[in-house]
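Please work from the sequences and hints to get the whole structure.
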Amino acid sequence: MLTRTASWTSHSSMDLEHGSKKHSAAPTAATSTSTILQLRDRFIALQPIVLRASAILATTVAAAVMGLNTQSYTAVVAIIGTKPLMQTFTAKFSDTPAFVYFVTANAIAGAYNLVVLLMRRLILQRRTPSLVVHMLDMVIMVMLATGAATAASMAYLGKNGNLHTRWNPICDKFGSFCSRGGIALVSSFIGVALMLALNLLSAAANASRPNVVGQ
Amino acid sequence: MAKVQRLISIVLRLAAAAAAAAAAIIMVTSHETTSFFGLEMEAKYSYTPSFIFFVVAFAVACVYSLLVVLVRPGSTASRLVLMSDVIIGMVLTGAVAATGALSEVGKNGNTHAGWLPICVQVHEYCNRVMGALIAGFVALVVYFLIIMYSLHELAEPLCSCHY
Numbered sequence: 001m002l003t004r005t006a007s008w009t010s011h012s013s014m015d016l017e018h019g020s021k022k023h024s025a026a027p028t029a030a031t032s033t034s035t036i037l038q039l040r041d042r043f044i045a046l047q048p049i050v051l052r053a054s055a056i057l058a059t060t061v062a063a064a065v066m067g068l069n070t071q072s073y074t075a076v077v078a079i080i081g082t083k084p085l086m087q088t089f090t091a092k093f094s095d096t097p098a099f100v101y102f103v104t105a106n107a108i109a110g111a112y113n114l115v116v117l118l119m120r121r122l123i124l125q126r127r128t129p130s131l132v133v134h135m136l137d138m139v140i141m142v143m144l145a146t147g148a149a150t151a152a153s154m155a156y157l158g159k160n161g162n163l164h165t166r167w168n169p170i171c172d173k174f175g176s177f178c179s180r181g182g183i184a185l186v187s188s189f190i191g192v193a194l195m196l197a198l199n200l201l202s203a204a205a206n207a208s209r210p211n212v213v214g215q
Numbered sequence: 001m002a003k004v005q006r007l008i009s010i011v012l013r014l015a016a017a018a019a020a021a022a023a024a025i026i027m028v029t030s031h032e033t034t035s036f037f038g039l040e041m042e043a044k045y046s047y048t049p050s051f052i053f054f055v056v057a058f059a060v061a062c063v064y065s066l067l068v069v070l071v072r073p074g075s076t077a078s079r080l081v082l083m084s085d086v087i088i089g090m091v092l093t094g095a096v097a098a099t100g101a102l103s104e105v106g107k108n109g110n111t112h113a114g115w116l117p118i119c120v121q122v123h124e125y126c127n128r129v130m131g132a133l134i135a136g137f138v139a140l141v142v143y144f145l146i147i148m149y150s151l152h153e154l155a156e157p158l159c160s161c162h163y
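Those protein sequence lines, which keep their order, are chains A and B.
Using the UniProt record's numbering, you'd call the opening residue of the first sequence number 1 and step up by one each time.
Using the UniProt record's numbering, you'd call the opening residue of the second sequence number 1 and step up by one each time.
Think of the hints as simulated: they come from the structure by calculation, not from any bench.
Since we're looking at a predicted model, the values are computed, not measured.
Glycine included, C-beta positions come from ideal geometry on N, C-alpha and C.
One thing to keep in mind: the hints can contain errors.
[As the list claims (entries may be wrong)] For lysine-lysine, the following DSBU-like pairs were computed, each having C-alpha atoms within a straight-line distance of at most 35 Å: (1) K107(B) / K44(B); (2) K173(A) / K159(A); (3) K173(A) / K107(B); (4) K173(A) / K83(A); (5) K44(B) / K92(A); (6) K92(A) / K173(A); (7) K44(B) / K159(A); (8) K92(A) / K159(A); (9) K107(B) / K159(A); (10) K159(A) / K83(A); (11) K173(A) / K44(B); (12) K107(B) / K92(A).
[Said to hold, decoys possible] Cβ-to-Cβ under 7 Å is the rule here; a few derived chain A residues that face chain B: (13) D95; (14) A98; (15) V142; (16) A145; (17) T146; (18) A149; (19) T150; (20) S153; (21) M154; (22) H164; (23) T165; (24) W167; (25) I170.
Dropping the structure here:
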C-alpha cells in the first residue's frame with residue numbers, strides 16, 4: 001500500500017514529461033488526458049489538506065460535545081412531615097478522570113492539527129521539519145486512541161454496570177448524558193481513523209521525498 | 001549486515017512475545033475470593049469485559065509475534081507484516097488504556113456514580129492487575145521499538161522503488 005501511494009506522487013511528475021511527448025502525436029486526446037491528469041494531480045495534492053481539516057472537525061466536535069455534556073435531574077429524597085425534600089443529581093464530564101482525559105486529548109489533537117494546517121507551507125519545504133511533523137502525528141494519533149479507548153471502557157461501565165462489584169449502571173437515570181457521550185466517542189474514533197490515514201500519507205510522502213526533490 | 005538486522009529483529013520480536021505472554025498470564029491468574037460482612041465477594045478477570053479484551057489482545061499479540069519470526073525479510077510478506085504490526089500495536093494500546101481506566105475506578109471508586117472502590121477488599125487481585133498492566137506497558141514499548149526498527153529497515157527499499 002505504501003509503494004502504491006508513493007508511485008502516485010512520482011507518476012504525476014513523470015506524466016508531465018510524457019504529456020509533452022503525447023502532445024505532438026494526438027492534440028485533442030492529449031488535452032483531455034492532460035486536464036484529467038491535472039485534476040488528478042490537484043486531487044492528490046489536496047488529500048492531506050482535506051484529511052487534516054476533517055480530523056480537526058472530528059476532534060473538536062468530540063471535545064466540544066463531551067465538554068458541554070451535563071445533565072441533572074431533581075428527585076424527591078425524603079418526606080419530612082408534609083414537605084418533600086428535593087435533591088438535584090448532576091452528571092458532568094468532569095466526574096470521571098477518563099472523560100477529562102478524553103476531552104483534553106481531543107482538544108490537544110484539534111489544536112495541533114489546526115497549527116499544522118495553517119503552517120503547512122513553512123513546514124513542508126525541507127525534510128527535517130516534515131519528519132518531525134510525521135513523528136508528532138504518530139504521537140498525537142496514539143494519544144487520541146488511548147483517550148477514545150479509556151472513554152469507551154468507562155461508557156461501557158456506565159451503561160451496563162458491573163454486577164460483581166455492585167456498581168450500578170447510570171445510563172437509565174442520565175439518558176441524554178449517555179447518548180451525547182456516545183456521539184462524542186464515535187466522533188473521536190472517526191478522528192483516529194482520519195489521523196491514521198494522514199500518517200500513511202505522510203509515510204509515503206517522506207519515503208519518496210529524496211527522489212522527488214532530486215528531479 | 002542483513003544478518004545483524006535479522007538478528008535484532010528476531011530478538012525484539014521474542015522479547016515482545018515474552019512480555020505479551022507475561023501480561024496475559026498474570027491477568028488470567030488473578031483470582032481472589034473474600035468475605036465482606038458475611039457477603040462472599042469474588043474477583044476474577046472474566047467478570048470485566050475490559051480485562052477479557054486485555055487477555056485476548058495480548059494472547060493474540062504473543063502468538064502473532066512468534067509466527068512473524070518465520071517470515072523472510074525483504075519479501076512482500078514483510079511489508080504486510082509491517083502493516084499488521086501497526087494494527088496490533090494500536091489494538092494493544094486500546095487494551096492497555098481500557099484496562100487502566102477500569103482499574104482506576106476499582107482503586108478510587110466514583111462518588112458521583114455511587115461506585116465504591118473494591119481494592120480495599122481484594123488487595124491481592126488489585127496487585128495482580130497492576131502487575132499485568134506493567135507487563136502490558138513493557139510489551140507496548142517493545143512493539144513500538146519493533147515498528148520503528150521495521151520502518152527504518154524497510155525505508156531504504158521504499159526509496160529505491162522508483163525508476
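Going through the hints against the structure:
Straight-line distance between C-alpha atoms of K107(B) and K44(B) comes to about 15 Å, which keeps the hinted pair within the 35 Å bound. Between K173(A) and K159(A), the direct Cα distance comes to roughly 10 Å. Compliance with the 35 Å bound is thereby established for this hinted pair. Simply put, K173(A) and K107(B) have alpha-carbon atoms about 24 Å apart, close enough for the 35 Å limit, and the pair holds. A threshold of 35 Å between alpha carbons decides the hint, and for K173(A) with K83(A) the separation of about 24 Å falls inside it, so the pair holds.
Note on K44(B) and K92(A): the hinted pairing holds, with a Cα-Cα distance of about 30 Å set against a maximum of 35 Å. The hinted pair formed by K92(A) and K173(A) meets the criterion: a straight-line CA distance of about 13 Å does not exceed 35 Å. Of the supplied pair hints, the one linking K44(B) and K159(A) holds, its CA atoms being roughly 21 Å apart against a limit of 35 Å. For the suggested pair K92(A) and K159(A), the alpha carbons sit about 15 Å apart, so the restraint of at most 35 Å is met.
Straight-line distance between C-alpha atoms of K107(B) and K159(A) comes to about 20 Å, which keeps the hinted pair within the 35 Å bound. The hinted pair formed by K159(A) and K83(A) meets the criterion: a straight-line CA distance of about 34 Å does not exceed 35 Å. Between K173(A) and K44(B) the CA atoms are separated by roughly 28 Å; this keeps the pair inside 35 Å, and the hint holds. The suggested pairing of K107(B) with K92(A) holds, with an alpha-carbon distance near 21 Å, which does not exceed 35 Å.
The criterion of a C-beta within 7 Å of any C-beta in chain B is met by D95(A), whose closest approach is roughly 4 Å, and the hint holds. Given the 7 Å rule on beta carbons, the hint for A98(A) holds: about 5 Å separates it from the nearest Cβ of chain B. For V142(A), the suggested interface contact is upheld, since its CB lies about 6 Å from the closest CB of chain B, less than 7 Å. Hint on A145(A) holds. Least Cβ distance to chain B is approximately 5 Å, under the 7 Å limit.
At about 4 Å, the closest approach between the beta carbon of T146(A) and any beta carbon in chain B falls short of 7 Å, and the interface hint on this residue holds. For A149(A), the interface hint holds, the least distance from its beta-carbon to any beta-carbon of chain B being 4 Å, beneath 7 Å. A cut of 7 Å between beta carbons decides the hint on T150(A): the least distance to chain B is about 4 Å, and the hint holds. For the restraint placing S153(A) at the interface with chain B, the shortest Cβ-Cβ distance is roughly 4 Å, inside the 7 Å limit, so the hint holds.
Among the interface hints, the one on M154(A) holds; its C-beta lies about 5 Å from the nearest C-beta in chain B, closer than the 7 Å criterion. This hint holds: H164(A) has a C-beta 4 Å from the nearest C-beta of chain B, less than the 7 Å allowed. Hint status for T165(A): holds, given a least beta-carbon distance of 5 Å to chain B, under 7 Å. Of the supplied interface hints, the one on W167(A) holds, with its beta-carbon coming within about 4 Å of a beta-carbon of chain B, less than 7 Å.
Below 7 Å, beta-carbon pairs count as interface contacts, and I170(A) has one with chain B at about 5 Å; its hint therefore holds.
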